[in-house]
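A.B. asks: Listed in order, the protein sequences are those of chains A and B.
Residues in the first sequence are numbered consecutively from 1, following my numbering.
Residues in the second sequence are numbered consecutively from 1001, following my numbering.
Just so you know, these hints were derived from the structure itself, not from any lab.
Keep in mind that the hints are not guaranteed to be accurate.
[Unchecked claim] Beta-carbon label-pair distances, calculated as ranges:
1) B/Glu1321 x A/Phe314: 16 to 26 Å
2) B/His1149 x A/Ala174: 55 to 65 Å
3) B/Val1108 x A/Val164: 40 to 50 Å
4) B/Asp1333 x A/Phe314: 44 to 54 Å
5) B/Asp1588 x A/Thr83: 44 to 54 Å
[To be verified] Far from chain B, some chain A residues (derived; all Cβ distances over 10 Å):
6) Val70
7) Gln85
8) Thr97
9) Leu108
10) Ile172
11) Pro176
12) Leu201
13) Pro277
14) Ile294
15) Gly299
16) Asp332
[What the hints assert, rightly or not] In silico contact screen, one side only, chain B against chain A (beta carbon under 7 Å); selected entries:
17) Leu1478
18) Glu1494
19) Ala1528
Just so it is clear, the structure is predicted and the values come from calculations on it, not from any experiment.
We put the CB at the ideal spot given by N, CA and C, even for glycine.
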Amino acid sequence: MSTERGRIRVSGFETERIADHDAAEPTGDDAEEAEDDPEVQNRWVRVIHQLKRDRLALTGMAVVVVMLFVAVFSRPIVVGDVTVQPLSLTPYDPAQTGVGDRYDSPSLTHPMGTDRLGRDTFSRVVAGSRYSVTIGFVVTALAASFGVIYGGVSGYFGGTTDGVMMRLVDVIFAFPALVLAMILVSLFGGGFIPLVGAFALVGWASYARIIRGEILKVKQNEYVMAAKALGARDKSVLFRHIIPNAIAPVVVQATLSIGTVVIGVAALGFLGLGFDPGTPEWGTMLDAERDTLITGAGGTWFWWTTVFPGMMIFLFVMSINMVGDAVNDALDVQVDDVRGGGG
Amino acid sequence: MAGCLGEDDDDEVDIDPALERNDIDVDEIQDGGTLEVSIPRDSIDDYDAAESSAAEDTAVFSLVYDNLLTTDAEGTTELWMAEEYDAVDSQNVDYEDYEEYMREEEIVEIDGGIPIFDLDDDLNLVLLQHPEDLEGAEEGDEVRVLTRHEAEDAVDDGVYGTQVSGRLHEGIEFHNGDECTAGDIVGSYDRYVGSTNQGQVFDAFMYAEAPDGDDGYEFNLYSLEPDAAAFVELPPIDLFPEEHHDLGPGELEPRAGGPVPVGTGPYEIAEFDEGSVLRLERTDNYWVEEVGLENLPDYDGPADFPERPAIEEINVRFVPESSQRSAALEDGDLDVTYELASDARNNFMQSDDFDVSAQESTGYKFMQFPLEDTDEGGAFAEAEVRQAVSALMPRQTIVDVVEQGWGSPAQAPIPEPASDFGTAMGYDELIEQEFAYSVEPDEERATELIEQSSFEAPIEVTIQTNADDDERIDKMSLVVDQLNQSGLFDAELETPAALGDWTTGDLYTDEAHIDDAENNACAVIGLATGFDPHGYIEAIHDPENWNGCCNFYFPPGTFDDEFVDLLNGCRFGADVAEDPDLRRERYDEFWEAHTDLMANTIVDYSLTTLTFNEDVAGVNCHPNTQSIFTYAVYAPLDEQIAYLDR
């Protein structure tokens, strides 16, 4: 404590220092590394170091990054009348019919064959990443942002506020997430924005509950009480001192949820509820070609029309889940309530 | 667009064998067995034929109900339960002739511009409203109307449009043993009052009588207006026994505790359960056996042809998904099914163990444009824009790629099977006329039309169709792509109400014609209207049929009087009722006006198909989906009978 007249300085409660320290004691390799390093490593730096050593996670990360790249550059992006991204990775317009014959098998001209209307499946699968992949990230970002704020407020203030706010969360959890998303989409129509809205509306609750539980623990820490004692405002305490220290499980949940959202959107697409027919979203493509799975007596299975979109869903979800698992391990948190259809 | 689609003939399946009849040897017919069939729904929509509007229900219950007339595979109407039946006379009458029989009724409500009356008798309804009283009429006003109660007086005084007289065969029994007499014809109309199908029955019908009493066999049917189609339009849709005459709409529903439907058809309902079981058994008192085939005026087949179906039982299964029906047929769970995907149909056709029977049908897909001239949108208010969309429609590609040849591109506003009374020039000449639809996209013509319009290309338009119909979606995907490739339109495809009923929920509303006009949105649905040419124009144009199937954009006042007069003049009038050639000429005038106005444009005409395994012999398809099973199983006037040869 400072003895300087007119000023009181409480030492040992600087949140920056606390944030820089991992709460858990390092073990194994980490312990050795920590011993080598005079400063205890930053948690996020340690996560990155651990991810770098996880080949599965790196592979998953690479696939996700490639898919994000493809999503951006698959087709030109026009905002208003201005083309902000002129490149196009697809050899054909994914909506154009008759670029090949009906159900052409994979060839050099059409690496993934053509569909029933002679559209190039490769172009559609590539363009489909813009819908299927981006929606996972957008939904998760929205749902996590709102959920963190909601759960943060609920957990921080506690009491009646917490009780009322958590009952709303219970109401959301009372509905099967995918069914609730279906109802919302059928009410407000399909398309990118309604789907984002539907999945975000059903997905935020899991983040709210997770962070609220963490906050109930974190807010008991001395540095929080000290901040309050020093007269910090609730907003500052919550967003500067508590949430940054409770966010780790949310990050893990978010990483794992991206794949769940993509699966959910594909499921709605397969049920004909996602995007308008003809949209090259992977689930919608599967729905449009499902009749090819049962061909009638002695018929040919045009496998490429369903295998490639299905494989892309599998590849992306598998990859993002591998990244999520690695983040989970690195942060050493237990998130085991990833809910279907959540965001 | 679609540059090479359909041009590769290597994999093309020849469907001509499916269009040929499957003949059988009468001596080889085997009696008995259970035929497993499926309908593309998850249940019967409504067991009450007066209330049901689902074609799949009718396909099943046409095995239970026979009628006065029947239609052969060529579309020719023939006498069936009627021993005699003829349009006796027609006379020009209008509302002024009915004035003295009208009574005053108070308008209790105006719903969508249509006055609603609260009549004292549930079985009564308004047949005609005095047009002079309706101008500016509001709720609470008294207007002159002609109801069913007054129709008898008018007929007694010789005031009617067309009279059709006939006589039932003696000895026809319902499944419950009651004899079917003229009283059952008269009483059956009561069941349609207030029902879903009321409009379909009472749009032309005015009065029925049994001159020899209810137990007699003679009957007279009268129409309100002189009607060239009275011959086929006046009989009730189905004939009900006396014990069912008093049942209200929807009360003939065994799932709700009501009685089981009883008819005079070859099969009766033996067992039912919601969504899982519907078993029909061959009736043991079928009227054809009693009357004898030789006594049917239109029968000219062999003397030893069976007088009842050969198949003992029909088990109806409910399989909504076409892929599931394909699998069930392949696995042997079904003997006969219909509405399979064209690829699956091709595969079954090429298989040695299965076969397909097809027939040019009366079904078609059409695109309807909202004509409202709205401040926002309103592109379809201009005929040039509508004509440009029609000119760009890749009709041949649609049939080649989506239907795989199981259909035909629309070239005229009526299909060939319905053209007998529909043109004086012959169908081949009709489709050569300048106003005929182009089967290939005509970009040059479309460009000219858009340049003549007040809109600048590209015009943003939306094409809407049913979310649950994959083939329709594919067809419209091709249209949307063609419109976009032309550079004249910026088109998109929408399938509204994925979980609900788009047509009843969105299209048949008072606002649809304005909302969709503002959004430059048109709608594409399908319809099957039978063999009378008027079905192809009345249902989709007649302003009096607004918000009924299938006019969702044209309320009264949409078309000018000249067009409406031309439309009505093809069917209503003593001249066309008595002179079929004049009627044909009227239609030829109308087709030109029809395609010039382009309020609707036809996309394609379908084939009806039945896909079946080798256990079933003698299957042939009927052009009407509603008659698809009953025709295949037993239609002696066409010497049609199917049997099981397991």
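A.B. asks: Which earlier hints can't be squared with this structure?
C.D. replies: 4, 8, 13, 14, 15, 19
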